[in-house]
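Asker: Take a look at the letters that make up each chain.
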Amino acid sequence: MKTLSIECPDELHERLVAFVENGWAGDSQQAIIEALRRFLDAHAPELTEVQVLRDVEWGLHGND
Amino acid sequence: MAVTVSDAGPLIHLDEIDGLDLLEGFSPLLIPATVWGEAHRHRPSCSLALVAEAQVVADPAIDDPVQLALFKAFDLDAGERAAIALLQVRSGRLLLCDDSAPRLAAESLGCVVRGTIGLIVRAVRRGTRSLAEVRQLLGSLPERSTLHVSGALLQRVLAQPPEA
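Just so you know, the sequences run in chain order A and U.
For the first sequence, counting from 1, position 53 maps to 53 in our numbering; every step adds exactly one.
For the second sequence, counting from 1, position 107 maps to 107 in our numbering; every step adds exactly one.
Hints listed in this document are in silico derivations from the structure and should not be mistaken for laboratory results.
Keep in mind that a hint or two might mislead.
Derived, one-sided and incomplete: chain A residues facing chain U with beta-carbon distance under 10 Å [stated by the list, open to error]: (1) 16; (2) 44; (3) 53; (4) 54; (5) 56; (6) 57; (7) 62.
Glycine residues also receive a C-beta, built at the ideal position from the N, C-alpha and C atoms.
Same shape as in the complex, but just chain A (with noise of 0.2 Å):
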């Protein structure tokens, strides 16, 4: 396991609190591991890669 240290805007920090404190998890340390697993799934590489050349597909060839 690594230890991250990063800074957060304040008003994303009241809304992890209030998250934690109304039991959505367990802690805010589940909380934000949860939400970069689900950003990281989301942005796989490999995904952007097919947008990305599906757009240059439809900008040579599209019919808009």
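Fit chain U to the given chain A structure using the hints.
Answerer: Positioned in the frame of chain A, the structure of chain U alone reads:
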């Protein structure tokens, strides 16, 4: 022509490379007010003067439970939600967007989604930029824009001939 809707990404990224005119030819091109506000926050000088077909319109109401659930599942921001919802309300088909998550969400609703790189390459097809100019614009993205594309992928794109 069917309605096209833009998210903030292409507006911001094209403005960063002085390429907002590459949005021409979509008739009409609709921009939800929230999206325009986001673009303007990032690029205060951003202007749609060069894009005659562009219109900033009010955000649509989002009350369809399926849409709401989908937007939450993909963790979309207010602008992304407004753009996809507007496209659906206006029975449009094409969404201009650069982020992976809203692209996936829109595609799952049957929309076609294209981004800044496609818009730049499209300029060759439409004859508004030469191939050399498009290659130059694409090559300048890492330095001039906040669009994050891997260097290796950008090199592959630049290596593609126009007949590809």
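Asker: Now look at each hint and say whether the structure bears it out.
Answerer: Checked hints:
1. For residue 16 of chain A, the shortest C-beta to C-beta distance to chain U is roughly 14 Å, which exceeds 10 Å, and the interface hint is violated.
2. For residue 44 of chain A, the interface hint holds, the least distance from its beta-carbon to any beta-carbon of chain U being 8 Å, beneath 10 Å.
3. Look at residue 53 of chain A: its Cβ gets to within about 8 Å of chain U, closer than 10 Å, so that hint holds up.
4. Hint status for residue 54 of chain A: holds, given a least beta-carbon distance of 7 Å to chain U, under 10 Å.
5. Nearest Cβ of chain U to the Cβ of residue 56 of chain A: about 5 Å, under the 10 Å cut. The hint holds.
6. For the restraint placing residue 57 of chain A at the interface with chain U, the shortest Cβ-Cβ distance is roughly 8 Å, inside the 10 Å limit, so the hint holds.
7. At a threshold of 10 Å, the smallest CB-CB gap from residue 62 of chain A to chain U is about 7 Å, leaving the interface hint in force.
Going through the hint list in order, the structure does not satisfy hint 1, though it satisfies all others.
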